[in-house]
Every structure is written in structure tokens, then in C-alpha cells.
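Colleague: Below are the chains, spelled out letter by letter.
4 protein chains.
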Amino acid sequence: MANITVRFYSKCLNRHTSFQMYLPYGVNEEGNEYQKRGMKTLFLLHGYTGDAGNWVPEYLSDKYNFAVVIPNGENSFWLDGISTGHKFCTFLGEELVEFVRKTFNLALRKEDTCIMGLSMGGFGALHTAFRYPEVFGKLAALSSALIMHEVAGMKEGQGNDVANYEYYRECFGEPSKLLESDNNPETLVHRLKTEGKEIPRIYMSCGTEDFLIENNRAMHRFLESEGVEHVYEEEPGIHNMDFWSRYVLKFIPELFG
Amino acid sequence: MANITVRFYSKCLNRHTSFQMYLPYGVNEEGNEYQKRGMKTLFLLHGYTGDAGNWVPEYLSDKYNFAVVIPNGENSFWLDGISTGHKFCTFLGEELVEFVRKTFNLALRKEDTCIMGLSMGGFGALHTAFRYPEVFGKLAALSSALIMHEVAGMKEGQGNDVANYEYYRECFGEPSKLLESDNNPETLVHRLKTEGKEIPRIYMSCGTEDFLIENNRAMHRFLESEGVEHVYEEEPGIHNMDFWSRYVLKFIPELFG
Amino acid sequence: MANITVRFYSKCLNRHTSFQMYLPYGVNEEGNEYQKRGMKTLFLLHGYTGDAGNWVPEYLSDKYNFAVVIPNGENSFWLDGISTGHKFCTFLGEELVEFVRKTFNLALRKEDTCIMGLSMGGFGALHTAFRYPEVFGKLAALSSALIMHEVAGMKEGQGNDVANYEYYRECFGEPSKLLESDNNPETLVHRLKTEGKEIPRIYMSCGTEDFLIENNRAMHRFLESEGVEHVYEEEPGIHNMDFWSRYVLKFIPELFG
Amino acid sequence: MANITVRFYSKCLNRHTSFQMYLPYGVNEEGNEYQKRGMKTLFLLHGYTGDAGNWVPEYLSDKYNFAVVIPNGENSFWLDGISTGHKFCTFLGEELVEFVRKTFNLALRKEDTCIMGLSMGGFGALHTAFRYPEVFGKLAALSSALIMHEVAGMKEGQGNDVANYEYYRECFGEPSKLLESDNNPETLVHRLKTEGKEIPRIYMSCGTEDFLIENNRAMHRFLESEGVEHVYEEEPGIHNMDFWSRYVLKFIPELFG
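Residue numbers (this note's numbering), protein chains in the order written: chain A, 1 to 257; chain B, 1 to 257; chain C, 1 to 257; chain D, 1 to 257.
Errors might be hidden in some of the hints.
Intra- or inter-copy, both count: the list cannot distinguish identical chains.
What the hints assert, rightly or not - Only pairs whose alpha carbons sit at most 20 Å apart, straight line, appear in this in silico DMTMM-like list of lysine to aspartate or glutamate:
(1) 110 with 198
(2) 102 with 62
(3) 11 with 58
(4) 155 with 166
(5) 11 with 161
(6) 197 with 174
(7) 11 with 186
(8) 102 with 112
(9) 155 with 174
(10) 63 with 186
(11) 11 with 166
(12) 193 with 182
(13) 87 with 182
(14) 197 with 134
(15) 87 with 161
(16) 11 with 62
(17) 197 with 209
(18) 193 with 226
No wet-lab data here; the hints were simulated from the structure.
From just these sequences and the hints, can you work out the full model?
Modeller: So this is what it looks like as C-alpha cells:
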């Protein structure tokens, strides 16, 4: 096993950033079939106020033989913001993937590459996988902050307890144009269907007492109405690590089993 | 000596951040007069595209017995941006100072507390010391990116090779209001004079071939016209580490000798 | 909260070493009574093959308001080895304690300072607290590798599956002299009693299926026979993190409640 | 570019260890011929009391396109010590090389793989390259601590200002058997010649005021007497970073130019 920290200069962020990695026992071992075709890899996305830290137990990586790549998304909603140097979506789906492929020979095929996130990171998992379906074969989105409809209705000077209007505009772009933009995961689903592209396999869950439960139910209904195959689960629970730990145990075997 | 990395949750940034520290030989040693009154401390600010890394040779810290605190300012110009979670000026001048005081018993008196930066960090050193003159007794500003007059003239859709309009608006606020705002170091100098407050001791330098030389000369003339005592030096040189290394050697003895 | 990594030059080890720290919410906050007298601190010792990593949940530090200091003891049995640069006991009980006191203003009084370890670190917690009873007021020793009697019987060329004779001699000194030496916790207990010194408060536990159960029972009987007050608990369990996690939950409130 | 820290479990050391890496601009870039055959790599060895830190300027790595791998050798003399878990030579020449090859696809061919060290690390560079000539094509040994003849004469209870007898015995094995053992670089040279194996290209230097100058001259004479091709340079200088920095500039182009 190995715990790895990488600091490198990101063109998308216009500055240095760092990410964490976990490599399981057996990575690239002789006779390991993944050595030849690129090890299985999980990109793991933190939530709002979070940073890069591994919330997947290492024994699961060892058991299913997958590497974990854990970037810092700051409070970006894993989107390309409007300011120079805030291209977190391109950073994640292009620059970081390319870096990991070339440096570690990982994540070479979408069948081997998954993305999982919680809260803001759940939004990021859905959005990034829909934006880069040729990179990510499967996604798991836990208690996802699918707040694009609320943000779309915001006016200058508004905001909420968490953040002000300028913050949301920086992350999502002009609110009035958000729903039609590429920052809306629904827009990306429509496009994938129109273009006849394969949609990544989707695993979603949310606690029934989570303040984001209606946002998640809305996405579930949207996917149903669009005929997009997906797993959607609810269970008693709130927006906390207890819930996410349980769904890590449930969804990791689906992603890598 | 010690090299220290601290990760902590910042209220100003709404997320975890980290900073670096260097402690010299002798910090808090018995019989060290600084043990009683708070060790001498240098806050060290990186430039645009940079991150927390020590560019003051450790032997200088050992010789003059000062700690170095090295925050990550991202590309914020060390200002409070307009979005929630972008309060880098308050982070630096209040939250980080308080954390360092309480955790390490450092930077307790302004006579012992200095701030130095290069390029964007030179702007930050001037601005932060003028904004928190009760914290920082001296400042050194190298090749400072004193671009407030250029930014003030920007219109929506404009920008330059380095960054777009939205980036500058995020950092500096509405350009049309910048020159009168607290984000303009000149405004802060006027206020300090009006309020009869002591202005920190100022050391500035810029290379004569630096693309920022005219901005630095303008600040020099401004300080002269305002009757603000300061050291200003020019020397052949461009915007690079060679120049900054020379001025570290010149200015550190002024700050801590 | 803060996660801290410190690299510093150790005179006892003749080289640089690093340690980890966790500071809880509230460390040194205004109105915190511990600010005046030195924050409560736990020194946390890893086992054989381990290294510095926090196995006490952070919420417990936050709840009981104690800092955690986590050194790297390598495979030293937390003893002063016979070779130059292997003084791990002096490093822990003197050099590291002094560094933490002076740099962080922590661990100033033995009432506030505890030591806990597992396996080799359980041996280390007992030994170090008995060696420095003026530093550590309480200790918790989990599944302790109290193997001094086995080591004392070793002859040159012997050893076991884990390590060779030379390794044990390096850590414990000449086996034939071990039982009378300061490397034997029993010797230290005798001395503390003879000198009329206060013995730290002792919490011990071991799983009934642990391969070290008889060694722990022997220490329990020894302490009983010496009339040394202590808590000793057994419970079904083996030598693994499941058992240690349960006893962290049980013993932390005893140490800091 | 990237700065990488790796923590992994070492079988040779019986515990976790960490190492540092620097990757230059251009590592594995498209059209980079080294992508196909394994990037050029420098293993960089610190001296006594040192630890893993990069003393090769990053711009040199960028210019000559080589990665730097920087292990922690503690005070082991980069030899397999007599105690279990002290196999630093095997760790370096086998376990770490294998890890770096499989994880980063580096150091695949000896033509691309060099080793450089200073002081104790200079001894290590010579010894390790002679021990693993199929791994390392070139070596640079600066101010090398070639003290095997002094150590060979030590008796129990002896030692010197730096370290005691037990320390030297732990590192080098029984002093009386040292000169014939594999821990003596001279023994390894004899064997390579006997077996008709290719000897790595050798670059040595030492300052004329260095306290190790006679030891280095002795190795120079030994290599001459054995007819082993090598570069040996002397220059005014002592045992310090000024000297080593100058020879990094001289020898890196020889290794990677």
C-alpha cells in the first residue's frame, strides 16, 4: 500500500495545487491483469467546506484492488467558474486525469474509472461524469447538492445562509443562464441522449431526513422521465458521515466488484 | 529548528487551508528574551501562481532568531474578494495572526512582527500592513504588483493576458469603486494619516527592468508626496528570484537586525 | 481544529524526525482554563511496524479538549537502544516533551499529560510513564507487548519469527542484564516504590484471544503483588484495531473526563 | 513539475517509510522518447544526520529531464545492518527501485538510472551502485565517508566523537570481518572484475580541506590500482553545501547530459 501526496502546477487553476492518493496492496503486481490495461481507479470528491481526505476505508481499496485519487476542489462545486484560474471541472476531468494516467499509468479505460462524491461532491460526481463520459464509466453520488434550480432563481444581492450571490455566480455563472448551460447536469444528460452517447452507470442515495432529499428526488424523477437507467436509494439518515460510510460500503462493490 | 505544516479550518475561507512555518534554532530557549514577549515573526507572502514555500534562507532565521509563517493566498491578491469564502485579507491579518499567537505564542507585539512579499505578495505586504498597523510593525515589498490603477480602469469584458475582468472584479471588487475602497493601499495611507496612527516602517525595492517598475515608482512618489517615511531602492534586475534573493539579504537585517 | 506535522532535529536520534499533532476545537481559546496552565495532552504510541498516525477519533479530542502528540518510535520498543542515535525513550520523555511544552505551551503539568499506546506502544506507555512519573500523570496500555521475560532468556543466534537476536539486543540491551535494567518496567515500579514517588494512574486491557494475553496477565499479577493500584480489563478480542477502538472509547473518558 | 511524497510499507525495514520525488516538466509527455523506455532517474542520498530533501536544483531536473527519488536512509550508511528491519541497502537497491518502476514507470534501464550522494550518501552511492550494477549505470559520490578501514579497526567499547562501537557494528557488521564483507565497496569492485561485469561509470570529488580527503584519495588510488575507469576531482573546499552545490552543477551534466 502507499499513501501519496502530489503537488503540481495546474494550468486550469493558474497555480499549484495538491492531491492525495491511496494505492492498494497489489497495485501493478506481477500477474495483476490491471497492470497491462491500467489499474482500476476511484476519483473521490469532497463536499462544501471540505478538502482532500480519504473517506473510503483502505481495506476496501485493498479488497477490490482500486487506487483512490482525491483532489482539492475548494468550494468550487467542481465547476468551471467565471474567473480566470477557477476551471475546476476541466481541472478534474482533463488535467488531473491526464496527469494520473501519464504519471501512474492509472485510469486508462472508462470501464476501470469511477467517480464518487458526497454533497457538493455528489453534484460534482454527476456533473463531471456526464461532462466526461468517455473518462468515467460509473459514478456514485451521495446526498448530492443538486441545487441548480435554487441557484437559477437567485437575483443580485440575494444569497442564503451559506453563501452570497457573488459566490454562486462565480461557481455557476449567470444564474439566469444556468439551467441551459453546461453547468446543469440535466443539460448534459439531454445532450448525451441527443448525441447517442453512452451514459455512465449511476448510483445515487440520500437520507430521508437530509435537507437535500427533495433535490435528490427531483433528479431521480428527472432521470426516470428521461429513461436513464440508474440506481436510486433512500434510507433513514441525515447529511453526515454515518450515512456516507454506510453507502460507501454499499456502492463500492457495485463500482468495483 | 523545525519545519511545520498546519492544516486548520478557516472561518474566513469557509474551508480548510494549510500554512507552513519555520522555527529557528533557539526559539523559546531558556534565557531567550523573546520567550517572554513573543518571538519575532515574519509573515511571508507568495506571488501570483505561487503557493506557500519558504524563500527566506533558514540560516537567516537562525541568525536573527525569527520564525517564518507562510500562508497560502492562492491568486487572491491577499484581499477580501466579493464572494463568500474569499476573505484572504481578514484571514491573513486577523484569523491567521490570532491562530499563530494562541498556538505558538508568536507575533504578540507589532515591534516583533513583520510582513514581506514579492510581486502580488508585495502588494499584499503593503496593503495588509496598512490595514493592520497594530499587528505589523514593518513591511518589505519586493517588485510589488501595485496594479490598482490599471484594474480601476477595466470595463466588463476586458482583462489582460494574465486574467479576465471577472477575476479582477472578484479580487478587487467593482473596478469603478476600487480607488476609493479599502482595497487601495493609498486609501489606507490617507486614513492612517487622518487618524494620526503610526504607519508601519516601509522597505520597497524593484528592478529597473521589471515590468512593474513604473507602478513601484508611482507608489514611491505617492509616499513622498504624502510625507510618509520609507526606504525605496532600485537596482538593475527583472521580475525573478535572483532579484528577490538579493533583497531578502538586504532587507531581513533591516527588519530583524 | 488543526492537524500539524512537525519535522525537527533530534539530539537523541542524531537526525531529523517528525511527529504529528491534533489540536481540538477550543485549544487556547479565551476563557479556556487550560490556556493558563497548559492544555491537556495525550502522547500516543504506535506498535511494532507502525508509524505516527492518529487512532483516537478527533471528535473525542474535541469533546474532552485534549491535544494529541503522535511521535514516530520506529521499531524501538520506545527504549534507549545501545547504538548512538537510538535513544527513543529519552527522546520521548525528555526531548519531545520539552519541544511540545516550549513550542505549543502544552503538557506543562502531569495532571494534564497522559500517554497511551497499543502493543509495542502499550509497553512504551507503561515503561515511559514509570520512567518519567513527573511528566505523565496517567497511562493507558492496550494489548501491551510486555515481552521482557522472553527477551531476557534469549541467547546469541536465537530470535523469533518477528525479529532476530541482534534486534532485541539493540532495543533492550544485553538480554542477560535486562530484568535488572531500567528497560524492565518492573524494575522501575520497584524503584518508584522505594523512592516513595507517586506512580502514574494505570489503565490496562487485553483481549482474551490476544497472543499477548499471558504477558498482560503477568503484569497485572505483578502490580497486584506490589500493591500498585491499577485498572485491568479483559474482554473477548484479538490483537487488532477493533479491540483498540473499543478501549479508546472506554479509557479516554478515564484519562480526560 | 510535481513534488511527490510517498509513504509505504517496506518489507526490508519492517515498517512504513516515506520518500520524496521530483518530476520535471515534460515527464512522460507525448513525443518524449523516455516515455517509451522509462524516464531518466536520479536516486539521491543524504548524509549522516540528514533526511530526505532535494539538494539538486529543480531547474536542472527540468533542463535534463530526469526525475529525482529521495529516500530516507536514517543513519544506516545505506547498508544492511545486523538487526531485523535495518536492511537499508536491499531497501534502496531492490525494494525502492521496484516500487518506483512499477508505480511510476521510471528507472527501467541502467542507462537511465543514476545514483548520487554526499558524505555518508557518497559512501552509499559507491556501495549501492557496485552492489546493483544492473540497476545503476552511473554514480556520483561527493565527499564520501569511506570510513571502512577505520571501522574495521574498532574494538568493543571504542568509538569516536560521532558514534559508539555498537552503532558501527549495527551498520557495518562485525568490524573484524568488514573488509572482506559485501559492506566494503572494495570487495564489490574485486567481485565485479572477477565476474567480468560492467562497473558503473564513477564520478568522485572531495574538497582539499575536507576531513575526509584522505579517505577519498585512498579510494581514488584503489580504483587506479584496480584499473577501474573513474573521474576523480579535488578542489579547495570543506565538508559543506557550498562544495556539494558546485559539484551538483558539474556532475549532473555528466550523468544526464
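Colleague: How would you label the pair residue 102, residue 62 (within, between, both, or neither) given a Cα cut-off of 20 Å?
Modeller: Between copies only: 17 Å across, 23 Å inside.
Colleague: At 20 Å max between alpha carbons, let me know whether residue 193 reaches residue 226 within a copy, between copies, both or neither.
Modeller: within (9 Å within a copy, 65 Å between copies)
Colleague: Taking 20 Å as the upper bound on the Cα-Cα distance, should residue 197 and residue 134 be classified as within, between, both, or neither?
Modeller: Intra 9 Å, inter 49 Å, cutoff 20 Å: intra-copy only.
Colleague: At most 20 Å between CA atoms: does that hold for residue 197 and residue 209 within a copy, between copies, both, or neither?
Modeller: neither (35 Å within a copy, 54 Å between copies)
Colleague: What label fits residue 197 with residue 174 when the C-alpha limit is 20 Å: within, between, both, or neither?
Modeller: neither (28 Å within a copy, 43 Å between copies)
Colleague: Is it within, between, both, or neither for residue 87 and residue 161, if the alpha carbons may be no more than 20 Å apart?
Modeller: The answer is between: 16 Å across copies meets 20 Å, while 25 Å in one copy does not.
Colleague: Between residue 155 and residue 166, at a C-alpha cutoff of 20 Å, which is it: within one copy, between copies, both, or neither?
Modeller: For residue 155 and residue 166, both the intra-copy (10 Å) and inter-copy (18 Å) Cα distances are at most 20 Å.
Colleague: Can you give me the call for residue 87 and residue 182, within, between, both or neither, at a CA distance of at most 20 Å?
Modeller: Only inside one copy: residue 87 and residue 182 sit 13 Å apart there, 28 Å across copies, limit 20 Å.
Colleague: At 20 Å max between alpha carbons, let me know whether residue 102 reaches residue 112 within a copy, between copies, both or neither.
Modeller: Answer is both; intra-copy 16 Å and inter-copy 18 Å each pass.
Colleague: Evaluate residue 11 and residue 62 at a C-alpha cut-off of 20 Å and name the case that applies: within, between, both or neither.
Modeller: between (33 Å within a copy, 17 Å between copies)
Colleague: Classify it for me, residue 11 with residue 161: is the Cα-Cα distance of at most 20 Å met within a copy, between copies, both or neither?
Modeller: between (33 Å within a copy, 14 Å between copies)
Colleague: With identical chains treated as interchangeable, where does the CA-CA distance between residue 63 and residue 186 reach 20 Å or less: within a copy, between copies, both, or neither?
Modeller: For residue 63 and residue 186, neither the intra-copy (35 Å) nor the inter-copy (43 Å) Cα distance is at most 20 Å.
Checked against the numbered hints given earlier, the structure breaks hints 6, 7, 10, 17 and satisfies all the rest.
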